[in-house]
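Could you put the whole structure together from the sequences, leaning on the hints where they help?
First to last, the sequence lines map onto chains A and B.
Position one of the first sequence corresponds to residue 1 (the working numbering), numbered consecutively onward.
Position one of the second sequence corresponds to residue 420 (the working numbering), numbered consecutively onward.
Since the hints were made in silico from the structure, they are not lab data.
Computed from a predicted model, the values in this text were never measured in an experiment.
Among the hints, erroneous ones may be present.
As the list claims (entries may be wrong) - Selected chain B positions facing chain A (in silico; Cβ < 7 Å):
#1 Gly479
#2 Tyr480
#3 Glu483
#4 His486
#5 Ala488
#6 Phe489
Glycine is no exception: its CB is placed at the ideal position from the N, C-alpha and C atoms.
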Amino acid sequence: VAALAVLVFVAALVLIAVEWVHRTKVALAGAAVMVLLGVLEQDAAIEAVDWATLGLLAGMMIIVGLTEPTGVFTFLALRVAQLSRGNPIALVFLLAGVTGVLSAFLDNLTAILLVVPITLVIADLLRVSPIPLVLVEIMASNIGGTATLIGDPPNIMIGTARPELSFVDFIVNLAPVAVFTLVIVSAGLALAFRSQLRIDPERAREIATLDAARDLREADKVWRTLAVLLGTIAAFFLHTLLHLEPAVVALTGATVMLLVAADDVEHALERVEWATLFFFVGLFVMVGGLEQQGVVEDVAGWLADVTGGSSTAEGLVVLWGAAAGSAAVDNIPFTAAMIPVVDTLQGDEFDDGLWWALALGACFGGNATMIAAAANVAATGILDRNGHPISFVRFLAVGVPVTLVSLVIATGYLLLFQL
Amino acid sequence: MAHLRDLPLVDASVPDSATVGEAAARLFEAQVPAIAVVTDDGRLTGIVSELDLLRAVFPGYLAELRHTAFLEDDPDALGERARAVRDRAVSELARKVEALDGDESETHAAERLLHTGEQALPVTEDGRFLGMLSIAALCHSRLDRVD
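Dropping the structure here:
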């Protein structure tokens, strides 16, 4: 039965990676097969679902979904483009910065869905190809998302699986390395794309004259939604002091947002990406099957053997292994499978270094390929729909070097400060 | 009971060899939300709606955006795009839709219009195009026949 569990999980990973079938269908089908074939009991399947992760995701989807129509994010992205004054290097750094910050405090997929459409407009107005700018944003979203507990789905899963790791712990331990990596990567990309981003000063002047605030209609609603959004982020910082789980913070924020900003609750709840939530449900059940069959313990045991029990070696194997796994499949299922492995690997003694290694590997690994993170799939999809298709290989040419540089920085950081 | 063939269908079509510019002119003249694209022997190959035309003539990224009040017209870019679109073959823009049959009921047509989201659907008989049935024509005809 253990072999069957591995077979179903690996088949699901392959199907998710090749995108023949929607990933939610694959995850749910894999979960159903495992339950129906007795890989895990029905009760165990329900227990395997991490409801806190789902609550955190759903809450943030509602909060962002109700903030977005106010136009505040369009305002932000356009103002940032205007600040660059047509300087390509400044434009790359500013777009990377705004995407990174939005990723850290909303999540990377949301950040991409907010900034990429406006980037298409900016590129059109500046008469440059949007592809380099969107690639910068993808890389920035995955790096920026690494900085917080809510920034990237792998971190959300790690944070909810290990309550010892608070929102502030994530910021203290991951934000500095994420910011440093973002600066280095942005500099590299600005250099690499400089010839493709030659901007006519006349076009830059035209962009500067656009009135970014024209879309901020209903000022009262803008302030109300921003207050709830910022209040929720503040509550994340204080969640340990408040004795509240991150999911409770997100769902409370979502409830307040519904009370103050949703004229029609049905319409507001349409912003919840049910396909994503069900994808997580399927994954949790499949990973529950692997755990129940002892596969997770075997992998952890094998890792411990390979690394000779050295926590430094374990951390580096987790970092690079998580990055490679995330690049090959998708960092969400890979992290779901790795969490119990790391849990087993650390044994009774809690070792946060291993968790930071997993977070850095899975999040940074999300930059390597087009399919490694949901943000990449979404951004390249928008480019494709708008007549700017980007091939898998062209993505790799940017994604792999960025990932390698990021991992080298993460390795240095872990060796110096964590392992 | 009225069949669809008895309703005021609009004979609004262009040959599949027409250009997008010609299709736009026909759409404007015919005053229907969509026209049919037909072969030389009158067989339906697809439809082009006002929305299809809007998407082709204006930048595609507009569909991704919700806030565009800050945008000002960029005559050069719009002109360049319009020039490229105008001479494209209309068949590149045409979408396949399930046509209504001349023998079918008004109620069925109403249900199809509701669920396809189209503003007008083609009506055919034996594969040959009879005319476009718009929501306005369907409702006006229905209301007009009340005692």
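Each hint tested on the structure:
With 7 Å as the threshold, the beta carbon of Gly479 (chain B) comes within range of chain A, its nearest partner Cβ sitting at about 4 Å, so the hint holds. For Tyr480 (chain B), the suggested interface contact is upheld, since its CB lies about 4 Å from the closest CB of chain A, less than 7 Å. Given hint, Glu483 (chain B) at the interface with chain A, holds; its Cβ is 4 Å from that chain's nearest Cβ, closer than 7 Å. Among the interface hints, the one on His486 (chain B) holds; its C-beta lies about 4 Å from the nearest C-beta in chain A, closer than the 7 Å criterion.
Below 7 Å, beta-carbon pairs count as interface contacts, and Ala488 (chain B) has one with chain A at about 4 Å; its hint therefore holds. Proximity of Phe489 (chain B) to chain A holds as hinted, the smallest CB-CB distance being about 5 Å (cut-off 7 Å).
Every hint from the earlier list agrees with this structure, and none is contradicted.
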